[in-house]
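J.: What follows is each chain in one-letter form.
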Amino acid sequence: MLDIKSLSASIDGKKILNGFNLKIKPGEVHAIMGPNGSGKSTLANVLTGKNGYEIKGQVLYQGKDLLDLPIEERAQKGLFMAFQYPLEIAGVNTNNFLKTSLNTIRKVRGQKEVDSLDFLKLVKTKTKNLKIDEKILSRQLNVGFSGGEKKKNEILQMTILEPKLAILDETDSGLDIDALRIVSDGVNALRSKERSFLIITHYQRLLDYIKPDFVHVLVDGKIAKTGCGELAVELEKVGYEKMGANK
Amino acid sequence: MKQQELEKSKEYKYGFTTDIESVRAPKGLNEEVIRFISKIKKEPEWMLSWRLKAYSRLKNVKEPNWQKPKYPKIDYQNLYYYSAPKSAQDKPKSLDEVDPKLLETYAKLGISLKEQEKLSGVAVDAVFDSVSVATTFKDKLTEKGIIFCPISEAIQKHPELVKKYIGSVIPITDHYFATLNSAVFTDGSFVYIPEGVRCPMELSTYFRINASETGQFERTLIIADKGSYVSYLEGCTAPMRDENQLHAANVELIALDDAEIKYSTIQNWYPGDENGKGGIYNFVTKRGACRGKNSKISWTQVETGSAITWKYPSCILQGDNSVGEFYSVAITNNYQKADTGTKMIHLGKNTKSKIISKGISAGHGDNTYRGLVRISSKAKNSRNYTQCDSLLMGNKCGAHTVPYIENKNSSSIIEHEATTSKINEEQLFYCNQRGLNQEEAISLIVNGFCKEVLQQLPMEFAVEAQKLVGISLEGSVG
Chain A
1 MLDIKSLSAS IDGKKILNGF NLKIKPGEVH AIMGPNGSGK STLANVLTGK NGYEIKGQVL
61 YQGKDLLDLP IEERAQKGLF MAFQYPLEIA GVNTNNFLKT SLNTIRKVRG QKEVDSLDFL
121 KLVKTKTKNL KIDEKILSRQ LNVGFSGGEK KKNEILQMTI LEPKLAILDE TDSGLDIDAL
181 RIVSDGVNAL RSKERSFLII THYQRLLDYI KPDFVHVLVD GKIAKTGCGE LAVELEKVGY
241 EKMGANK
Chain B
248 MKQQELEKSK EYKYGFTTDI ESVRAPKGLN EEVIRFISKI KKEPEWMLSW RLKAYSRLKN
308 VKEPNWQKPK YPKIDYQNLY YYSAPKSAQD KPKSLDEVDP KLLETYAKLG ISLKEQEKLS
368 GVAVDAVFDS VSVATTFKDK LTEKGIIFCP ISEAIQKHPE LVKKYIGSVI PITDHYFATL
428 NSAVFTDGSF VYIPEGVRCP MELSTYFRIN ASETGQFERT LIIADKGSYV SYLEGCTAPM
488 RDENQLHAAN VELIALDDAE IKYSTIQNWY PGDENGKGGI YNFVTKRGAC RGKNSKISWT
548 QVETGSAITW KYPSCILQGD NSVGEFYSVA ITNNYQKADT GTKMIHLGKN TKSKIISKGI
608 SAGHGDNTYR GLVRISSKAK NSRNYTQCDS LLMGNKCGAH TVPYIENKNS SSIIEHEATT
668 SKINEEQLFY CNQRGLNQEE AISLIVNGFC KEVLQQLPME FAVEAQKLVG ISLEGSVG
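Protein chains in written order, with our numbering: chain A, 1 to 247; chain B, 248 to 725.
It is possible that part of the hints are untrue.
Straight-line alpha carbon distances no greater than 27 Å define the calculated DSSO-like cross-link-like pairs of lysine-lysine that follow [stated by the list, open to error]:
#: 1; chain 1: B; residue 1: K317; chain 2: B; residue 2: K524
#: 2; chain 1: B; residue 1: K714; chain 2: A; residue 2: K112
#: 3; chain 1: A; residue 1: K164; chain 2: A; residue 2: K126
#: 4; chain 1: B; residue 1: K387; chain 2: B; residue 2: K404
#: 5; chain 1: A; residue 1: K107; chain 2: B; residue 2: K698
#: 6; chain 1: A; residue 1: K50; chain 2: B; residue 2: K317
#: 7; chain 1: A; residue 1: K193; chain 2: A; residue 2: K64
#: 8; chain 1: A; residue 1: K135; chain 2: B; residue 2: K698
#: 9; chain 1: B; residue 1: K404; chain 2: B; residue 2: K473
#: 10; chain 1: A; residue 1: K107; chain 2: B; residue 2: K317
#: 11; chain 1: B; residue 1: K698; chain 2: A; residue 2: K124
#: 12; chain 1: A; residue 1: K222; chain 2: A; residue 2: K5
#: 13; chain 1: B; residue 1: K698; chain 2: A; residue 2: K121
#: 14; chain 1: A; residue 1: K242; chain 2: A; residue 2: K5
#: 15; chain 1: A; residue 1: K164; chain 2: A; residue 2: K128
#: 16; chain 1: B; residue 1: K625; chain 2: B; residue 2: K599
#: 17; chain 1: B; residue 1: K387; chain 2: A; residue 2: K107
#: 18; chain 1: B; residue 1: K643; chain 2: A; residue 2: K50
#: 19; chain 1: A; residue 1: K225; chain 2: A; residue 2: K242
Simulated from the structure, these hints should not be mistaken for laboratory data.
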């Protein structure tokens, strides 16, 4: 699914990712943990194509070079990111945004567009399954949403777009226990043999709900340690410093 | 990269010219030309003398110069003031008699006059250069006593109405362009809705400039008698040319007791090329009088075209409890300039006005909102709410807000809110990450920004306007 080879990324001359390697196979769930400033969000941004980074190295996505593609083409090819800070867009109705997004992607893939009525049925089912109040659909995109509502909205979008590889950038931060459960249920419901996840988090807490196949510890722009679920538990006990973060 | 390809693809869809034999007045502005226009329109004597009065006044007034967008001096002697397709000389009586070339032109513009008459519920008056070439649904409207016809026809058939109301909202002495229009106006629409009648369909005029070196001087007059209602929409396009062409219109609206007029504009005149060459000078005077009590006039404008847009659709709130509204989207891309807004003149008691203005500047575009709210001493308990939002794209464009506020009594309230924002990189990234390309993302964000205005448009046109907003900004980010 994803093969990252000695990836380096700097912003304004400052090196953030430094010789990062990672392989994700279809169906796998990888968690990336690490202290503040270790490069977790940079990794997500570089993979999704955000401007402003100087990049070296190679990333293969479904066997093809990912880094040359514009942001939207990566998304159209099934790469999704749940944002750490979802953006507010005034005047744009959430339901309409979701529908536009889904239909744009479907169109590129040569699939038939979903009409308003079918979409409404789809989105209502999904909100119900995720226990999200469907009132958010008629509100302006993320405008005036609470932190929890914004994150739930990201999971709703992910559920509707059915990505091949989903990156969750600290989706758990700032969530209360109920919202955390909704987010985790959303991810777990989507887990399948074909779909992979890259979950970026500070805390082990989320991994109580979403059981990862691998846990990686990111320190100073590269993976310092890789293990299974237990690694996260251990991390929680001893802290990042013992894992090779000396600063 | 992709971006550049998109920029190249930007093309003004309506920029074609129709090759048609036309009849013109001799070039230049003088009494003979005015007599020529009046004669060819078979006008009664009073109309001609009204025109001549305006013309004699014109010699003593100067063009205004206080506006923000400056333009090279217009040589008024080097323009044609009348140009009409030869085939429209003897006014066709039905659509079947209209020159197929003209029907084809309108079909190309997306207005199939023949099909349209059968299918949609919108009556259209099609104005080509200086004449109206067709008006649909006339019979159906006549049954209700509604008059919807070219103003040149109204001058002949309904002189008492025209005489009573023309120039009553925009006097011939108003200002240079209003006076010029009064002297040389050629065609436009006339609407009269009788007492208590609710117009059963949208009325619409489609203005097309075709001939070169020709000015278009539209005159439109809409009267809503007591307790009546009408919704009217105008659309405008012109060929792509290197020269600047002048469209100087006068539009007067009159709403009597309990009447309501909703007037919408989708202005898509040729905006000039990406270097600012060519394009229409859209210098327009639009004013409505809420003459009766409880009357209402609502202006909605989507201004995407023209090299320079210079207009202030205004409301004079004479009747007690009358309401004036102004909803505007003005887009300036490349080297386009706009100086637009409104005047709300509160004269009656308990009058209300609302102004929602959305200005979008991209490229080297320059956008000015200019608006006056005046509450007179007699207009007790009146209210105004103004909201002016500007959206900037890139760092070479400009946005300016110039509000004038005068309140002469203490029982009235004026509120003014203004914001300026920039399309934010993060928002674009978010949309891109959801599969939308740059253009789609901008169109989505901008349409969200303009939503309060666009939703005021009649349903039949709202979708078209949304698309137009997106297209106008194509290639503006890169």
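J.: Provide an ascending list of the numbers of those earlier hints which the structure does not satisfy.
T.: 6, 10, 17
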